[in-house]
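Below, each chain spelled out in residue letters.
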Amino acid sequence: MRLLVVEDEEDLVDALRVGLVRAGYAVDVAYDAPSAHEKIQVNTYDLVLLDLNLPGGDGFQLCRTVRAAGHGARIIMVTARDRLDDRVRGLDEGADDYLVKPFAFPELLARVRALLRRDTGGRTSVLQVGGLRIDTARLEVSLDGRSLALTPKEYGVLHYLMTRPGHVVSSEELLEHVWDEHTDPFTSTVRVTVGNLRRKLQEEGLIETVISRGYRLKEPSS
Amino acid sequence: MIHTIRFRITVLYSGLLFVLAALVLGGIYFAVSKTTDQRPVTTEFAKTYSGTQYLGKREVVFVEEVENAVNVETMATLRNYSLLTLAGLYVASLGIGWVLAGRVLRPVRSITRTTEEIQATDLKRRIKLSGPRDELKDLADTIDTMLDRLESAFSAQRQLIDDASHELRSPLTIIRANVDAVLAAPDASEDERTRAVAIVDRATTRMTTLVEDLLATARRQGTAFADADLDLSRVVGEACEEYATPAAARGVTITRDLGAGLEMTGDSDALRRSVANLLSNAVRLSPPGGTIRAAAGRTDGWLWVAVRDDGPGLREADQERVFDRFWRAEGSRRDRHTGLGLAIVRQIVESHGGRVAVFSRLGEGATFVLWLPPRDGVPGTPPEDSPLR
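Going down the list, the sequences are from chains A and B. The first sequence begins at 1 in full-length UniProt numbering and counts up one residue at a time. The second sequence begins at 1 in full-length UniProt numbering and counts up one residue at a time.
No wet-lab data here; the hints were simulated from the structure. Among the hints, erroneous ones may be present.
To be verified - Subject to a maximum C-alpha distance of 25 Å in a straight line, what follows is the list of computed SDA-like cross-link-like pairs (lysine to any residue):
(1) Lys200(A) x Arg164(A)
(2) Lys137(B) x Leu100(B)
(3) Lys39(A) x Thr183(A)
(4) Lys124(B) x Asp82(A)
(5) Lys34(B) x Phe18(B)
(6) Lys200(A) x Arg22(A)
(7) Lys124(B) x Arg83(A)
(8) Lys39(A) x Leu175(A)
(9) Lys200(A) x Asp187(B)
(10) Lys200(A) x Asp86(A)
(11) Lys39(A) x Glu93(A)
(12) Lys124(B) x Asp86(A)
Extracted from the complex, chain B is given alone in its bound form (with noise of 0.2 Å):
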């Protein structure tokens, strides 16, 4: 109890109180007794007479001294009854203290116990704690918004795993089922096994992609990214170089228009690789003969990256979730991709402080565009509208 702050307040409040009020009463008691003489009565004796018949000797005192006399006596009163009130006071003090005490640190008390009962898999919990607006309340609040915070990364965390255990699923019993039922059977035809044997292969590639993809968003979320001084235009036309061989395989062609001097700070494999993702899901969606426009450059200080492809375009609706993970329009269920390309594009951009978007109207097809801030900086939000007119 000793190493409480209740005590500690308490024993502090009425020691300093009662330092303070001996001082006061040591000071009245210490100027009362300078402006008065206090002395002891000195009995004199006098021959008294009445009249001329003499009475005898008896004691007298002058007037002064009785009044010292007096003196003493309330010097006396007055130092015991001082005494007396310190000591009550230091007494009552200590009780006050303590309760003050008390309900000043009700609030921290309230606050421990509910941090107590937060375990780390429930924290749906809140302080709460209602009062005036004071330190303790910004306290309360400040750790309850820490723990929305908490709460949203757990749950996102959650999410990935589920959905991460979930996208894994299929592939694994896609192989087991085929190994089962195919190629574990001693009658299958031949005929039947090498059917199987291919399934499996799409279904091993596929988990392969996704555990890789899977990876780079765990890896972008951990570490800091090798930050070199780079040229934007350069890392978008690597990119076109990676895919003009499979857009040439489906027919589809990609342009070019690259502005000069986009020069920024950022890790260039990153953003190579989230400019390879954009120009991936544009060829895969691409309908044979189409063009692909990648393009780079600078509007209102911002530099920007756009790939725009003429293959089904999105939904109003579909254009929020399109860079959530795992996300996939409705009819693209049955091709083999993960669902993860644009989201690890968000994270890299977000990273290097820059901001995604599209533009799309159903059946006209879609811009990505990704805005990224140049060397030295950029005041301000990237502009509303797309740059590819």
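Chain A extracted, bound-state conformation (with noise of 0.2 Å):
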């Protein structure tokens, strides 16, 4: 899943990139509202964390114009303006929460993953496809009862595929939302990173490759 984090403290960048990481996230950064309106508009993200006082431009008004654009980017407001008329006026402006600084870092991935498995009907944090589970809160993966150890973007490929069981998706879809933008869409490492993910899960099919079209995670027959 990838996620757009727009606020201008780059100190306060730093942690939330390094914690977002962690927690198996692709992450962008934008420091004011122009370059956050830039990159809203050339990528595609899962969801934007918006700090509402930005330098070039006001968050409210970025909410906006996400959700005019039609854009079906989850927002979560991360500010300081804790008034009720501006968390009222966040939430109407088209933002899915709102979040008071200052936060608990926890509290923050967990409102992240619970917006996040909206789009896919999940109840909880923990994702099953027949014997494939994957706890997204511990970011813990197990397949038939056996865990198993991934990277991080083997773990975001496999997540991204499990939220899509049955659905074919395309190299460039997870280069979209498993990578940041600091990516070269012209390499390999889709493919590379899928052909790890299949030698780990040690079972043949699980993944299967449609030709030129992309991948697809077999549904359970059952």
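Since each chain sits alone in its own frame, please combine them into the complex, following the hints.
Written as structure tokens, this is what we have:
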């Protein structure tokens, strides 16, 4: 899952990035409103963490623009503005959640997980497809009770595929949602990662290749 | 009810009226009774004859005596009517007095009602008494202006608290996020930890400065200054020495141009701090290799301190807001300064009876001027132009 952090406080961004990447997300950063705007236009994000007091623009305005452009990204407003009318306005302008600074990082992660599973109909932080089980809170993956050690990117790819079992997911889509903006779009990194993932799963045909279209996680046959 | 002004005014008014009316009526009664004789009729018997024929004895009175008797009757009537009138007047004056006092005191009731409704948290309401310009309207207007001042003081206070809590939240969030996401994470790398510690350290320093500045502004508002005779040039000189090292570290030179005999009364620590705040900004904003000019002198009877830098300068619109609390120029938001420095300067200078001014054009540096009254006082307001040419 790919996140955009819009925040002008560099020291805060550093910590958020480290924490979010460790939680298995691809993270892009924008330090002001215009660059955030540009990144939202160019890339596809699953979720945006949005500060309201931004240089070069207002967070509410940015939120409206995102919604007007019809992007389905989830938005969490993360701000020091704790007044009731700000919170109400934030949610009314299209934010999915509103978090007042200072916040506890585990809470932020929990809210991110909660919003991201809304799209896939997940009810808790645990996702299960056939024998595959993934705990997004603990970052644990197991297949038929056997736990697997995955790299963050392998985890990201598997998580993304598990939210869409039976659907064909293209390499570009994986690149958009699992890798951040610093990745060269022409590398074979997706192919290599999927290859490694298959090897670790040790089960043939669990991740199928649909020729010239992408990959598909096999739905449980039962 | 006995303790209300309305009751007392009514009783006093009708009592006075009663006494006056009693005096008038009594006077009239007395005067009338003095100028007329009143004796009872004495009857005598006289023999009456018709011709020579004796008719017998008859009662007779003298005409004078009849007049006197009429007077007696009149006086009695006068007395009765006077007493009746007095009684009627007393009752009527009580009623009229009650109504009149109520009308006069109605504005007071409306003032009371409105002030009762005004809560400490909602100072928006005003009495806005209508009617002619009289004492009560003056009172109501005075209360209204007092409420204006209270309201603006309250909202300034609330604004300060809002701003301060907002400003304190940023470093708090940074500390919290770094502790949660990096320092408390068991699998964080050594590199990440070192970085997070440095960030937390920076944020803590920022909070410390902010809290100190906030306390400084609160103190300046609260207590009186420790006033003493001082030489302004010496105060500026000390502040320059304080900033010589940080300036040199940035390759910035501070030149001094201090006049002699600039004597005034004030708090030298506070004034040094205000000059130091100006120098701190100048050092921060000067390009490497730049020059800061610190000068002090006397113009039109006013003492002044001026600090000029070669920094980026200020836009016209920003010049009015530069002394506001927590104001920071658009590009300097990432700098780790609190935005309180110039607000403190203004507070110190204004509490000395002086005024602050800034002269600047975008891209041409800025000159900050502090106008201060000399020891022997000064007429009028400080000059509008910059004393530094």
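#### Entry: In rising order, the numbers of the hints this structure does not comply with
10
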